[in-house]
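Go ahead and model the full structure; you've got the sequences and the hints to work with.
Same order as they appear, the protein sequences are chains A and B. Numbering of the first sequence is given in this note's numbering, commencing with residue 1 and proceeding in unit increments. Numbering of the second sequence is given in this note's numbering, commencing with residue 1 and proceeding in unit increments.
Rather than coming from a laboratory, the hints here were simulated on the basis of the structure. As the structure is a prediction and not an experimental result, all values here were calculated from the model. For glycine and all other residues, C-beta sits at the position ideal for the given N, C-alpha and C. Where hints are given, some of them may not hold.
Unchecked claim - Within a straight-line C-alpha distance of at most 27 Å, the following computed DSS-like cross-link-like pairs (lysine-lysine) qualify:
id : chain 1 : residue 1 : chain 2 : residue 2
1  : B       : Lys-204   : A       : Lys-192
2  : A       : Lys-192   : B       : Lys-299
3  : B       : Lys-200   : A       : Lys-202
4  : B       : Lys-204   : A       : Lys-7
5  : A       : Lys-159   : A       : Lys-219
6  : A       : Lys-29    : B       : Lys-299
7  : A       : Lys-29    : B       : Lys-192
8  : A       : Lys-9     : B       : Lys-204
9  : A       : Lys-189   : B       : Lys-200
10 : B       : Lys-224   : B       : Lys-269
11 : B       : Lys-292   : B       : Lys-18
What the hints assert, rightly or not - Which chain A residues stay away from chain B? Per the calculated CB distances, all over 10 Å, these:
id : residue
12 : Lys-29
13 : Leu-41
14 : Val-54
15 : Thr-128
As the list claims (entries may be wrong) - Computed footprint of chain A on chain B; a stretch qualifies when at least three of its residues, placed anywhere within it, have a C-beta under 8 Å from a C-beta of chain A:
id : stretch
16 : 49-56
17 : 68-77
18 : 88-97
19 : 148-155
20 : 190-201
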Amino acid sequence: MTIVYEKSKGLTDAQTHYCPGCTHGIIHKLVAEVLVELGVLNEAIGVAPVGCSVLAYNYFNCDMQEAAHGRAPAVATGIKRVRPENTVFTYQGDGDLASIGTAEVVHSAHRGEKITTIFVNNAIYGMTGGQMAPTTLIGQKATTAPLGRTIEHSGKPLKISEMLATIDGAKFVERVAVNNPANIRKAKKAIKRAFECQIQGKGFAIVEVLSTCPTNWGKTPVDALKWLEDNMMPYYPLGNFRDFEEDK
Amino acid sequence: MAKVLMKGNEAIGAAAIKAGCKYFFGYPITPQSELPEYMSSELPKVGGCFLQAESEVAAINMVYGAAGAGVRVMTSTSSPGMALKQEGITYAAGAELPCVIVNVMRGGPGLGGIQPSQSDYFQATRGGGNGDYRTIVFAPSSIQETVDYVMESFVKADQYRIPVVVLADGMIGQMMEAVEFKEPKKVELEPKTWATTGTKGQRKPNIVNSLFLDPQELEDHNWKLDRRYKEIEKNEVLVETVDIEDADVVCVAYGTTSRIVKNAIADCKAKGLKVGLIRPITLWPFPMEVFKQINPNCKGILTVEMSTGQMIDDVKIANEGRLPVYFNGRVGGMIPTPASISADIEKIAGGIK
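Shown next, in the form of structure tokens:
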């Protein structure tokens with residue numbers, strides 16, 4: 001019998017702990033498939049974050065290190081400088097990367113560190129229970145913004161991809177979403193390109209993935225996808241901000 | 001090998017490279033900046049990597065990543081920077097990662113000053129980061145000892161899979177002395193089969209981690225670490241003692257301060273006083289047992305430190321209330337003088353009411 005579809009060998013058999021409707025599972029699958037397709041799974045060393053995906057080290061079928069909150073790019077830098085022949089990636093949420101770890105990601109990009117960062121943006125702190133993130137939208141309610149985020153109080157949501165695209169060492173920057181099959185295919189293409197950027201020794205690569213948090217948004221999985229399209233995409237436009245081919 | 005004249009900070013770097021350390025992640029801070037400067041020029045020559053991090057927080061996390069990838073790695077800093085590194089150190093302790101951290105102490109609290117101090121004793125011996133953990137702490141008193149114990153630090157770090165702190169001070173970092181670089185001891189160490197090096201498709205993935213969400217698992221992990229700490233307490237205490245069995249006064253001092261105390265003791269001995277010295281070389285594990293060898297008729301213990309008296313707690317625990325404990329200390333970069341220490345020794349020998 002011909003196998004037309006199977007779970008990626010880049011994932012372990014562990015059952016994930018993610019909430020129903022959360023898109024972390026899709027993003028894990030894409031990263032795992034890309035590592036296998038590029039033939040680097042056996043050389044890969046991943047760095048897991050603090051946040052919802054804190055247990056990512058149980059799900060990826062490669063060597064993994066757990067980092068302190070926000071420090072994944074620094075940990076990945078240490079690994080990559082010691083083992084330049086390995087493929088090193090970080091998997092981080094928006095609380096991790098856009099808040100406590102901004103210095104680490106900015107400077108890793110600035111150094112042109114040859115690592116790949118998967119940045120999952122769901123506009124909220126998920127694991128700690130729905131607090132406001134730097135990426136929380138204006139008017140969006142969170143447990144620490146009970147009346148909704150305002151510009152006067154907290155500033156506008158931080159656009160990480162746009163910011164990192166201004167840094168010369170960031171050689172690949174793209175924002176994608178995993179809200180429908182077409183976008184999931186585009187997301188995989190971007191993730192693959194981000195790993196190719198590292199494998200070709202070009203420099204820092206990041207893919208920002210717009211993701212859902214049905215639990216903390218208080219929505220059904222389907223409504224959460226619609227909310228992502230209606231609210232996140234207009235503020236966080238999808239697209240490529242930087243590609244290493246441009247730097248020829 | 002012939003002796004060479006070297007500045008303390010640079011000698012630390014040379015010793016680390018001799019011990020097989022090829023990777024250094026650091027951030028400039030006075031009075032230790034010559035060490036990262038030295039590493040930036042010397043590590044590329046041995047095929048290693050020096051990287052100036054954006055902060056002490058990033059530097060120690062780079063050390064964490066590198067140690068997790070299975071190599072000998074070091075960072076260095078001075079007191080305010082050490083405070084920032086505590087996050088990474090507790091993670092490294094939790095994840096059982098061998099690494100060496102040098103703290104060239106200066107005065108605090110806060111930004112403090114840039115002169116020598118010993119006011120990070122609590123931080124070094126009690127943790128500083130969160131959770132139940134310990135680090136081996138070496139406190140050398142000369143450049144020669146600094147070189148020897150930096151080399152030893154890498155061995156002990158690997159042997160016990162533990163972060164090791166070399167606690168120097170601005171004096172050690174900035175002064176020059178003649179040193180001899182001995183050949184590293186040949187020690188049989190377990191291969192780092194736990195390191196993240198890529199599975200090569202030949203083994204199950206390795207995970208470097210300090211997270212244990214199941215409380216029973218975390219308790220088991222803590223007790224496992226504690227058993228290792230007990231083993232270190234049993235096997236790794238280093239101390240220098242001088243004439244404590246028949247002393248009328250015993251001084252306790254470590255690092256730079258112990259050298260000043262030795263001068264004071266020589267002055268007192270010339271006057272016919274019987275004075276001994278306990279010099280802890282490892283601050284953790286602290287040399288508790290050696291205090292039992294003190295002359296039971298000794299009139300008192302004088303603890304001398306460049307702090308407000310942080311080591312007194314350990315001295316009192318080790319002394320178990322047998323003898324009165326006195327203190328002579330200077331802070332803020334000020335240094336105890338032999339004359340003031342001699343005066344205190346004479347007072348204690350004469351009997352303080």
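Consistency of the hints with the structure:
1. B/Lys-204 <-> A/Lys-192: Measuring from Cα to Cα gives roughly 24 Å; hence the hint holds.
2. A/Lys-192 <-> B/Lys-299: With Cα atoms ~75 Å apart, A/Lys-192 and B/Lys-299 exceed 27 Å; violated.
3. B/Lys-200 <-> A/Lys-202: With Cα atoms ~24 Å apart, B/Lys-200 and A/Lys-202 stay inside 27 Å; holds.
4. B/Lys-204 <-> A/Lys-7: holds (18 Å)
5. A/Lys-159 <-> A/Lys-219: Cα-Cα ~24 Å, so holds.
6. A/Lys-29 <-> B/Lys-299: violated (73 Å)
7. A/Lys-29 <-> B/Lys-192: With a Cα-Cα distance of about 30 Å, the restraint between A/Lys-29 and B/Lys-192 is violated, given a limit of 27 Å.
8. A/Lys-9 <-> B/Lys-204: holds (13 Å)
9. A/Lys-189 <-> B/Lys-200: holds (25 Å)
10. B/Lys-224 <-> B/Lys-269: violated (47 Å)
11. B/Lys-292 <-> B/Lys-18: Judged against 27 Å, a Cα distance of about 38 Å means the pair is violated.
12. Lys-29: holds (17 Å)
13. Leu-41: violated (8 Å)
14. Val-54: violated (7 Å)
15. Thr-128: holds (14 Å)
16. 49-56: That given contact holds, which follows from 5 residues of the stretch 49-56 of chain B lying within Cβ reach (below 8 Å) of chain A.
17. 68-77: Result for this restraint: holds, n = 5.
18. 88-97: Holds, because 3 residues of the stretch 88-97 of chain B bring their Cβ atoms closer than 8 Å to Cβ atoms of chain A.
19. 148-155: violated (count 0)
20. 190-201: holds (count 6)
Taken one by one, the earlier hints fail for this structure at numbers 2, 6, 7, 10, 11, 13, 14, 19, listed in ascending order.
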